Amino acid sequence: MIAVKASKAHRTESIALAVLRSASGFFIVSIALLIGYLAVEGTKLFTVDHKSVFEFLFSPSFAPDQGHVGALPFILGSLFVTGFAIAVGGPFGVAVGVFFAELAPKRVASAMKPAIEVLVGIPSVVYGWLGLTLLVPLIRNATGSTGFGLLAAGIVLSLMILPTVVSLTEDAVKVVPDSLREGSLALGATRWETIWRVLLPAASSGIGVAIILGIARAIGETLAIQLVLGNAPVLPTGLLSPASALTSEIVMDMGGAAQNSLLQHTLFSMAFLLLLIAMGLIVLVKLVTRKAT
Amino acid sequence: MAVHIERADLLDKMKIEDMNVYYGAFQAIKHGSLNVPENKVMALIGPSGCGKSTFLRALNRMHDLTPGARVTGKITLDGMDIYADDVDPVTVRHRIGMVFQRPNPFPKSIFENVVYGPKIHGETNQKKLQEICERSLRSAALWDEVKDRLNRSALDLSGGQQQRLCIARVLAVEPEVILMDEPASALDPIATSKIEDLIGELKREYTVVIVTHSMQQAARISDFTTFFLLGELIEVGTTSEIFTRPKDKRTEDYITGRYG
Amino acid sequence: MAAQATLAREARQQRSAGNARARRFVDRLATGMLWAAALFVVALLATFIVYMFYLGAGTISWHFLTGLPSELTAGGGVGPEIFNSFYILILTLIFTVPIALAAGIFLQEYARTGPFREAVQFSAESLATVPSIVMGLFGLLVFVQTLRWGFSALAGAVTLTLLNLPALTRVTQEALSGVPATYREASMALGGTKWQTIVRGVLPSAIGPMTTGIVLISGRIFGETAALIYTAGTSVAHGSGAYDWNPFHTAETLAVHLWYTHSEALIPDVDRIGNGSALVLLIMVLIFNVAARVIGRQLTIRFTGKS
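Protein chains in written order, with numbering that gives the first Met the number 0: chain P, 0 to 292; chain W, 0 to 259; chain C, 0 to 306.
Honestly, the hints are just simulated from the structure, not real lab data. Quick caveat: nothing in here was measured; it's all calculated off a predicted structure. Check the hints yourself; a few may be wrong.
If you want the ones that stay clear, here's a sample from chain P, every Cβ over 12 Å from chain W, calculated [claimed, not checked]: (1) GLU12; (2) PHE91; (3) MET111; (4) SER183; (5) LEU184; (6) PRO200; (7) LEU283.
Here are some of the chain W residues that sit facing chain C, going by a computed Cβ distance under 7 Å [said to hold, decoys possible]: (8) ASP87; (9) VAL89; (10) HIS93; (11) THR237; (12) SER239.
DSSO-like mimics (lysine-lysine), calculated; alpha carbons at most 27 Å apart, straight line [as the list claims (entries may be wrong)]: (13) C/LYS193 <-> P/LYS7; (14) W/LYS107 <-> P/LYS290; (15) W/LYS107 <-> P/LYS173; (16) P/LYS173 <-> W/LYS118; (17) P/LYS285 <-> W/LYS202; (18) W/LYS39 <-> W/LYS73; (19) W/LYS73 <-> W/LYS118; (20) W/LYS202 <-> W/LYS39.
For each residue, glycine too, the CB sits at the ideal point set by N, CA and C.
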């Protein structure tokens with residue numbers, strides 16, 4: 000009797016295992032399909048329309064109805080906006096992360112943490128809308144420009160990547176053993192010296208991951224920047240003139256792109272480029288974490 | 000309880016009068032008083048959890064970093080109250096160094112570990128730093144083993160070597176007192192005996208206070224011994240007195256192994 | 000000799016005391032700046048919330064929350080859009096939760112190492128890093144066009160499933176890893192198979208953290224925009240059919256509507272609609288955040304008897 004019962008339980012187990020395994024396999028299938036579809040559609044610009052990769056990547060002239068498919072304005076726009084976000088949001092996020100890890104008393108930390116969680120939860124379209132209604136008029140009044148442009152987008156993006164950088168930095172610093180803190184302080188160092196000379200270097204790979212993931216978030220962000228960038232398909236000329244990015248351009252023009260048109264193919268190539276950048280960043284994260292261990 | 004060493008020919012490097020240490024409501028050290036003679040090794044012994052480490056950490060103001068910890072009493076170094084309002088704990092820890100139970104080298108090179116202290120305290124001259132590094136590593140009996148790999152990571156060293164590196168690190172800031180919290184307890188016997196030899200050398204220039212759970216170690220290396228029990232200092236005397244003719248019965252019970 | 004050493008030591012101490020003052024100043028300054036940074040972030044958030052309530056509170060009314068949007072005139076509502084937001088959320092969860100649960104159990108309890116696990120892990124991380132607009136285009140290609148679903152709630156939901164699977168799987172893994180090993184050991188020692196152990200012994204304890212994670216991710220799904228614009232579409236069916244359970248009809252959500260009105264729409268009261276929509280979205284996020292914590296805690300108490 001025991002043997003029969005046991006085999007039934009084991010049969011359930013095998014079925015269950017098969018189900019679980021296929022669910023996991025679904026991930027592999029999905030990413031493979033994603034890369035496949037986007038690779039096919041994203042290279043039609045080169046295979047079907049016979050445009051050169053060089054023109055796509057380096058030509059500043061974007062006018063698909065006249066046959067110009069240079070995506071450089073958008074590539075540079077994405078790079079600048081992301082760079083701004085990291086330059087401002089990066090150090091800021093690391094600072095707040097260090098604050099939570101080392102300085103905040105327990106009660107202050109538990110009061111402030113929900114604020115960070117809410118910041119994470121705010122949809123990107125709301126960030127864009129906030130930028131549109133709060134930030135753009137502010138910049139307009141302060142500088143006399145339209146208010147749209149890289150500056151507005153950069154500021155909004157800095158805010159968006161902040162929670163990511165903060166929580167990853169906090170985790171990375173908290174993991175550093177207390178014995179290192181004690182050792183430094185016992186040698187006569189101040190708390191800040193201990194943070195700057197011992198803790199941050201010890202947590203550097205974790206902080207590096209925080210920054211890279213911040214970059215990943217920034218470069219893939221669409222709505223928050225599209226509403227405040229100005230969306231002019233030209234090379235960025237300054238912080239205050241309307242510009243464009245890969246993501247914002249795609250979302251703007253995809254709706255009006257005719258099936259199989261040059262415009263549509265160019266947009267898909269841009270999407271494929273974004274995908275490649277995203278995967279490249281993952282590889283980078285792996286390299287950074289492997290170097291640490 | 001007040002315990003004094005009555006020896007007119009010895010200078011007090013540190014004097015502790017009526018120290019009390021509280022963690023929140025719990026009193027870990029009760030009315031401790033002690034004289035620490037200069038250029039001698041003072042061992043603190045007693046069963047686990049009786050407050051030896053707590054007492055030690057009060058001597059270089061490490062409790063400042065524990066929220067909820069409170070230290071009262073007068074603790075002086077060369078007559079100066081180290082807990083006075085106008086005294087910066089950073090300078091206290093410059094003059095009173097500490098070696099911990101588990102070696103804790105920074106994840107940096109051996110050189111950077113040793114010169115960490117001097118760099119913070121303002122030394123920038125590369126040549127001077129290299130001199131300090133060599134001098135400290137020699138004093139810690141580690142120079143010959145690492146002189147060819149000063150730029151390699153300190154984490155590659157063995158446990159015993161790491162602990163000697165931590166000692167070198169402390170020596171590099173040229174303190175006057177060295178506090179040691181069971182420095183050899185995490186090490187194998189060979190490494191332990193190297194550390195013990197080192198301590199014997201160190202007392203020529205420094206004053207050493209060492210917490211140890213091993214009575215044999217205290218008997219081997221210390222000049223004076225203090226016995227702790229449940230947060231109180233029961234008895235102090237020369238090491239030979241404590242181990243052969245203890246005055247207090249509780250001391251005698253501990254020495255003879257009645258409880259551990 | 001001793002006197003010389005003492006003099007040298009005193010000189011050193013003098014120098015060190017001098018620079019100790021400077022170092023103390025730097026320490027205080029740095030501490031102050033770190034505090035300021037953290038408080039600045041909190042203050043910023045408070046400003047946003049206050050601002051959004053101030054701007055949008057006047058717009059929110061029963062008519063706004065339930066009425067139909069208008070194409071050209073002022074006075075439209077966002078009723079169907081709110082409905083669609085919830086509808087797509089539910090559809091997405093129906094797909095995502097079972098798959099994430101299964102994959103999470105597999106990765107955490109069965110396949111701890113090996114090439115298959117590595118491949119799954121890498122795929123999950125890749126999916127998580129794909130920008131949402133790119134995922135939206137994939138959805139456009141596969142679901143809207145190739146499978147001929149057209150712009151539909153279903154296309155949107157499946158696309159969002161792909162987008163949120165990695166996060167929900169990680170939530171499952173973490174919830175399971177939080178269950179002490181002793182539960183598993185006890186069950187196996189009583190003769191249970193691994194599967195029985197998981198279902199009866201481990202899962203109940205994990206339900207609390209899992210639910211918290213699901214509710215938090217629901218908040219994210221509710222606010223998702225870029226992946227939905229070209230999958231679920233930017234319009235709702237007209238007339239009373241706008242509240243429509245057919246998954247194959249276009250289903251513009253509130254978040255998408257916020258974007259659409261500020262990019263392409265022709266209505267004159269864009270600001271009013273925008274303020275109201277943004278405020279509703281913010282309130283929903285806050286509700287999801289609070290609910291996640293509360294529900295999670297309640298479930299943990301109920302299923303494990305401890306708090």
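Here's how the hints hold up against the structure:
no.	hint	verdict
1	GLU12	holds (45 Å)
2	PHE91	holds (26 Å)
3	MET111	holds (18 Å)
4	SER183	violated (7 Å)
5	LEU184	violated (6 Å)
6	PRO200	violated (7 Å)
7	LEU283	holds (22 Å)
8	ASP87	holds (6 Å)
9	VAL89	holds (6 Å)
10	HIS93	holds (6 Å)
11	THR237	violated (24 Å)
12	SER239	violated (28 Å)
13	C/LYS193 <-> P/LYS7	holds (13 Å)
14	W/LYS107 <-> P/LYS290	holds (15 Å)
15	W/LYS107 <-> P/LYS173	holds (19 Å)
16	P/LYS173 <-> W/LYS118	holds (25 Å)
17	P/LYS285 <-> W/LYS202	violated (50 Å)
18	W/LYS39 <-> W/LYS73	holds (21 Å)
19	W/LYS73 <-> W/LYS118	violated (31 Å)
20	W/LYS202 <-> W/LYS39	holds (6 Å)
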